[in-house]
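Protein chains: 2
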Amino acid sequence: MIKERLEKLRAVMEREGIDAYLILTQDFHGSEYVGDFFKCRKYMSGFTGSAGSLVVMKDMAGLWTDGRYFLQAEQELKNTGVTLFKMQEEGVPKLSEFLADKLADGAKLGFDGRAVNFKTAQNLNRVFEKKQKKITLVYDMDLVGEIWENRPALAAEPVMLLDLSCTGKSRADKLSDVRAAMEGKKADYFVLSSLDDIAWLLNIRGGDVACNPVVLSYLVMTMDSAILFINEQTLKDQVRQALAADGVAFAPYNAVYDFVKQIPDGKSLYVDEKKTNYAVMMNRGEGVKLLTGDNFTLLPKCIKNKTEVDNERMVHIRDGVAVTKLIYWLKKNIGKTQMTELSVADKFEELRRQQEHYMGPSFEPIVGYAEHGAIIHYSATEESNVELKPSGLVLMDTGGQYLEGTTDITRTVALGELTQEEKEAFTLVLRGNLNLAGAKFKSGICGANLDYLARFPMWERGLDYNHGTGHGVGCFLNVHEGPVSFHWRVREQERTTYTELVEGMVVSDEPGLYFEGKFGIRTENLIVCKKAEKTEYGQFMEFETLTIVPIDLEAVLPEKMSERERELLNTYHSKVYENIAPHLSDDEAAWLKEATRAI
Amino acid sequence: MIKERLEKLRAVMEREGIDAYLILTQDFHGSEYVGDFFKCRKYMSGFTGSAGSLVVMKDMAGLWTDGRYFLQAEQELKNTGVTLFKMQEEGVPKLSEFLADKLADGAKLGFDGRAVNFKTAQNLNRVFEKKQKKITLVYDMDLVGEIWENRPALAAEPVMLLDLSCTGKSRADKLSDVRAAMEGKKADYFVLSSLDDIAWLLNIRGGDVACNPVVLSYLVMTMDSAILFINEQTLKDQVRQALAADGVAFAPYNAVYDFVKQIPDGKSLYVDEKKTNYAVMMNRGEGVKLLTGDNFTLLPKCIKNKTEVDNERMVHIRDGVAVTKLIYWLKKNIGKTQMTELSVADKFEELRRQQEHYMGPSFEPIVGYAEHGAIIHYSATEESNVELKPSGLVLMDTGGQYLEGTTDITRTVALGELTQEEKEAFTLVLRGNLNLAGAKFKSGICGANLDYLARFPMWERGLDYNHGTGHGVGCFLNVHEGPVSFHWRVREQERTTYTELVEGMVVSDEPGLYFEGKFGIRTENLIVCKKAEKTEYGQFMEFETLTIVPIDLEAVLPEKMSERERELLNTYHSKVYENIAPHLSDDEAAWLKEATRAI
Numbered sequence: 046m047i048k049e050r051l052e053k054l055r056a057v058m059e060r061e062g063i064d065a066y067l068i069l070t071q072d073f074h075g076s077e078y079v080g081d082f083f084k085c086r087k088y089m090s091g092f093t094g095s096a097g098s099l100v101v102m103k104d105m106a107g108l109w110t111d112g113r114y115f116l117q118a119e120q121e122l123k124n125t126g127v128t129l130f131k132m133q134e135e136g137v138p139k140l141s142e143f144l145a146d147k148l149a150d151g152a153k154l155g156f157d158g159r160a161v162n163f164k165t166a167q168n169l170n171r172v173f174e175k176k177q178k179k180i181t182l183v184y185d186m187d188l189v190g191e192i193w194e195n196r197p198a199l200a201a202e203p204v205m206l207l208d209l210s211c212t213g214k215s216r217a218d219k220l221s222d223v224r225a226a227m228e229g230k231k232a233d234y235f236v237l238s239s240l241d242d243i244a245w246l247l248n249i250r251g252g253d254v255a256c257n258p259v260v261l262s263y264l265v266m267t268m269d270s271a272i273l274f275i276n277e278q279t280l281k282d283q284v285r286q287a288l289a290a291d292g293v294a295f296a297p298y299n300a301v302y303d304f305v306k307q308i309p310d311g312k313s314l315y316v317d318e319k320k321t322n323y324a325v326m327m328n329r330g331e332g333v334k335l336l337t338g339d340n341f342t343l344l345p346k347c348i349k350n351k352t353e354v355d356n357e358r359m360v361h362i363r364d365g366v367a368v369t370k371l372i373y374w375l376k377k378n379i380g381k382t383q384m385t386e387l388s389v390a391d392k393f394e395e396l397r398r399q400q401e402h403y404m405g406p407s408f409e410p411i412v413g414y415a416e417h418g419a420i421i422h423y424s425a426t427e428e429s430n431v432e433l434k435p436s437g438l439v440l441m442d443t444g445g446q447y448l449e450g451t452t453d454i455t456r457t458v459a460l461g462e463l464t465q466e467e468k469e470a471f472t473l474v475l476r477g478n479l480n481l482a483g484a485k486f487k488s489g490i491c492g493a494n495l496d497y498l499a500r501f502p503m504w505e506r507g508l509d510y511n512h513g514t515g516h517g518v519g520c521f522l523n524v525h526e527g528p529v530s531f532h533w534r535v536r537e538q539e540r541t542t543y544t545e546l547v548e549g550m551v552v553s554d555e556p557g558l559y560f561e562g563k564f565g566i567r568t569e570n571l572i573v574c575k576k577a578e579k580t581e582y583g584q585f586m587e588f589e590t591l592t593i594v595p596i597d598l599e600a601v602l603p604e605k606m607s608e609r610e611r612e613l614l615n616t617y618h619s620k621v622y623e624n625i626a627p628h629l630s631d632d633e634a635a636w637l638k639e640a641t642r643a644i
Numbered sequence: 046m047i048k049e050r051l052e053k054l055r056a057v058m059e060r061e062g063i064d065a066y067l068i069l070t071q072d073f074h075g076s077e078y079v080g081d082f083f084k085c086r087k088y089m090s091g092f093t094g095s096a097g098s099l100v101v102m103k104d105m106a107g108l109w110t111d112g113r114y115f116l117q118a119e120q121e122l123k124n125t126g127v128t129l130f131k132m133q134e135e136g137v138p139k140l141s142e143f144l145a146d147k148l149a150d151g152a153k154l155g156f157d158g159r160a161v162n163f164k165t166a167q168n169l170n171r172v173f174e175k176k177q178k179k180i181t182l183v184y185d186m187d188l189v190g191e192i193w194e195n196r197p198a199l200a201a202e203p204v205m206l207l208d209l210s211c212t213g214k215s216r217a218d219k220l221s222d223v224r225a226a227m228e229g230k231k232a233d234y235f236v237l238s239s240l241d242d243i244a245w246l247l248n249i250r251g252g253d254v255a256c257n258p259v260v261l262s263y264l265v266m267t268m269d270s271a272i273l274f275i276n277e278q279t280l281k282d283q284v285r286q287a288l289a290a291d292g293v294a295f296a297p298y299n300a301v302y303d304f305v306k307q308i309p310d311g312k313s314l315y316v317d318e319k320k321t322n323y324a325v326m327m328n329r330g331e332g333v334k335l336l337t338g339d340n341f342t343l344l345p346k347c348i349k350n351k352t353e354v355d356n357e358r359m360v361h362i363r364d365g366v367a368v369t370k371l372i373y374w375l376k377k378n379i380g381k382t383q384m385t386e387l388s389v390a391d392k393f394e395e396l397r398r399q400q401e402h403y404m405g406p407s408f409e410p411i412v413g414y415a416e417h418g419a420i421i422h423y424s425a426t427e428e429s430n431v432e433l434k435p436s437g438l439v440l441m442d443t444g445g446q447y448l449e450g451t452t453d454i455t456r457t458v459a460l461g462e463l464t465q466e467e468k469e470a471f472t473l474v475l476r477g478n479l480n481l482a483g484a485k486f487k488s489g490i491c492g493a494n495l496d497y498l499a500r501f502p503m504w505e506r507g508l509d510y511n512h513g514t515g516h517g518v519g520c521f522l523n524v525h526e527g528p529v530s531f532h533w534r535v536r537e538q539e540r541t542t543y544t545e546l547v548e549g550m551v552v553s554d555e556p557g558l559y560f561e562g563k564f565g566i567r568t569e570n571l572i573v574c575k576k577a578e579k580t581e582y583g584q585f586m587e588f589e590t591l592t593i594v595p596i597d598l599e600a601v602l603p604e605k606m607s608e609r610e611r612e613l614l615n616t617y618h619s620k621v622y623e624n625i626a627p628h629l630s631d632d633e634a635a636w637l638k639e640a641t642r643a644i
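Those sequence lines, one after another, are chains G and Z. Going by the numbering used here, the first sequence opens with residue 46, and the numbers climb by one from there. Going by the numbering used here, the second sequence opens with residue 46, and the numbers climb by one from there.
With the rest of the complex left out, here is chain G (with noise of 0.2 angstroms):
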């Protein structure tokens, strides 16, 4: 079947004259998860993992991917015809490296200049040059789409309106800020293209990829006009008024190609090339003076404004009152009732259902039971899923969205009689966590100044975890949303870890430990920046916690923690029952005031 498509992709390429075809795993936006429709690389190679490229030449075929799908790899591709090539590995040379010396001098690389972002092609252009080889990139076409049959359609939720009390803020207001912001930069035109930065400036949600509530859709700005680029059929006859009363107009999904070419010489056009497709930067005219900076969005967007914070508070409790109930089930039912990843999952699901304006999962949920607690980026599926037994830990990473916000936490769980370093590990973690949320600051600090704080219990023994401490989360929006986080790593490119930490922001604390083949601990609480007071001295900042769900004692060595370490945990546990407890059965409260008792 693979073998058939290449060959039909073959002949397409063979008309159009390309060399060689590029088939990434990107939507036309950048966004972290893809719908079916952009699922080209999956089609054409029958490799299912969620990262890999794949190259289609005349005599061969290959694909890209990383170390965490070499297994899966090679018995996806068995007998397909194409190359497995690991990212990595010794002698395995990168896929620009690779096409660099593969084509000849004057070769056509053919691609969806749509789903490749600016800067991937960009890279792929100096590679070909330091190595002195020119290689034309044609990237107005989608070769792929003309040979798949059946292809999904994109998807075309219905858009819906966000409620000034959900948002804080209008829309027209948010135009303006906009144009105010345009106007600074001297920007006649700007066109943004992230998913999440359309929906957060037009106070509309969608259904469009998974987990995150967002439009298909391309938004373009001028100081008079907006013009949004979408499938009209998914805006109700209230949704397009509401629009065009703040002076939204409308134009097809794909208009927005043609409508770049069309910008007048002389004129500037605003983009952020870091979150724009090929297509759309190459299309502009010669004449058109490009400017180029973050989306103008992109701060506002991740400062939560006070309606955002208070809405936030509220979630919580709803998400915390069902992740409480599940704990407690958990605890109740275990080694009576029959349980797996996979259905404690759905047990999940099924309490935020129960809570008031649910909207669903804010990405797929990880249930890993002991040694799967290991895997950072496991979840279950039907082959992997197990039982949980009543001994060892449960780790579970879940989140909701609901209309007023969005929710990310994990917590850890003993499930019987734990040994004693998982007790040490989950006391490790825990301190990290709670000394990160009780950090207080000069304004002007960010991320990278912080994050010592929740790591140094780890590091004081010689352990570390291989991810970030943190990432900014949207108001029901992406789960993941830029530019704030918690890293160590300051890189002169990356300006995440140098995002000055400002009132609003609202970021996750998730440090852990893993331990492979054994277990895996990680305690995630969502913490908001407040002020804190001012003095001769500056400005001081802190966090308020957000997530109220209880931290399990049963996993916790008290003696193994600070005095201040214990007093924010008891604070913590204070605030969880009292905002819990009144939404719990009394079994339920009572089960409460028992797990979050001052130690």
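Hints were generated in silico from the structure; no laboratory data involved. Incorrect hints may have been included.
Derived pair list, reagent style DSS-like, types lysine-lysine, alpha-carbon separation capped at 27 angstroms [unchecked claim]:
1) G:LYS231 to Z:LYS176
2) Z:LYS231 to G:LYS176
3) Z:LYS231 to G:LYS334
4) Z:LYS334 to G:LYS178
5) Z:LYS230 to G:LYS175
6) G:LYS231 to Z:LYS179
7) Z:LYS178 to G:LYS231
Keep in mind that this is a model prediction, so the values were computed, not measured.
Start from chain G and add chain Z according to the hints.
Leaving out everything else, chain Z in the frame of chain G:
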């Protein structure tokens, strides 16, 4: 007198067709301190402060300086005809803007391009361009030199060779490393202007800048030659022969400018433009390919080798003996013997001079009693000098140059009963100092990741100190040495706070608290970065404290410290007693025993 000098300068300006003449406070090498030869601004204006820029035009003369010097400048500029421009005050133009506004199109701005940093001059050009003024920079002149009667001679202290037992690496090996780096950058020529880099690279020391044991010179390297531009009278035969044996040739100090002019077209020239003066940069021919980046010596100089670190340990015992004796003397004699800030500074010098291989102070000593301790850059003068009394705190920040290393230590000492406020502040500062020195961290971490550790005790109480937490320190070289440092600020253009901490880097750890009109506290040790264990999670790092001098327990509130902080202090004090007591008299040792008791 000043008026006459200005008239003379205007006469030569007119002769040269110069409309404005600019006089900064820099030597030819961007040194932190400048010798008397370079004090043109003081000669021309009468203003003696350490920072200030003078502009002389036909009808005006203006001096720009900052808030520290407003009072002093007003007094010193009286009746000179020089107008004071108070920097940062509202309505006061910046020097560059003043020039751009006041000079006519086509005007000529003159200055000694050797005494103006390249970046400074570039900034002038940028402002002129922005204001659309065509102003020519004429940098090939020293008009003050022409009219300066009895100008002090350029420093010409004898050059000494440093033995391999001091440097741990031969000159030949260092030169060979630089050439390898040049090869990596395809650099045909490398011009090195910063004096500590030259001294380090050639294993020489001198005395041409106060407190910095450097030699006025430039070094130009090619793949097979090295030319030292220097006053050859400072080279004894033995020194000359040793340098020549490693392929170093000599040329007159100022001949470097003609040399740069003669670099052939098509050749590449590598310089650190942040550390090079305008004349060197502009003298290159247009056909010379300019390569810029950090000096090749920057990191190797900062990362001390095993010999250097071992020597630093030894030197810090000697220095610790001197400072411990001083504290003993203070404690025993306060209220009995008359002592002033200046006499205490003299006592430091007297006690250090008794130590082996002491070469002089590493910076001007700061001894600030009571409210003088709150003035961060305080240095007692005959006018400000006060008597020390048996009450309150004295802050003493001093350091020494030894043949094998450089010290920099601050101790704040109780001279009598302290208030609770003083003790609380002292304890906060101590906690910051201990926590930073006690850090354990992963390889890759930089100063910005750790700064929080020194500040959080203050930040938790809405307090702060308005200076960096630490700076790199040379080895028998400059007491302020880049690029390593501790500060929370991460700026794209300042690499100092994201220089990775590497084994062998010596940095100061000096949090403080300053209460204007009352008292100031700072506790400063030098710490050296070392490898700790390597685990499956990576290479871990820690600090060893080099400075070995007791911290005044009479100012400490043990109950305000965590258990770990008390442990860190007790461990430190054990080490102090063990290393210092053997070098003390019986009385001193008995006192030290008590002064380093566990708390």
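So, going through the hints one by one against the coordinates:
1. G:LYS231 to Z:LYS176: With a Cα-Cα distance of about 19 angstroms, the restraint between G:LYS231 and Z:LYS176 holds, given a limit of 27 angstroms.
2. Z:LYS231 to G:LYS176: Holds: Z:LYS231 and G:LYS176 sit about 18 angstroms apart, inside 27 angstroms.
3. Z:LYS231 to G:LYS334: Violated: Z:LYS231 and G:LYS334 sit about 35 angstroms apart, past 27 angstroms.
4. Z:LYS334 to G:LYS178: 25 angstroms, holds
5. Z:LYS230 to G:LYS175: Roughly 16 angstroms separates the two Cα atoms, so the pair holds.
6. G:LYS231 to Z:LYS179: Roughly 26 angstroms separates the two Cα atoms, so the pair holds.
7. Z:LYS178 to G:LYS231: 23 angstroms, holds
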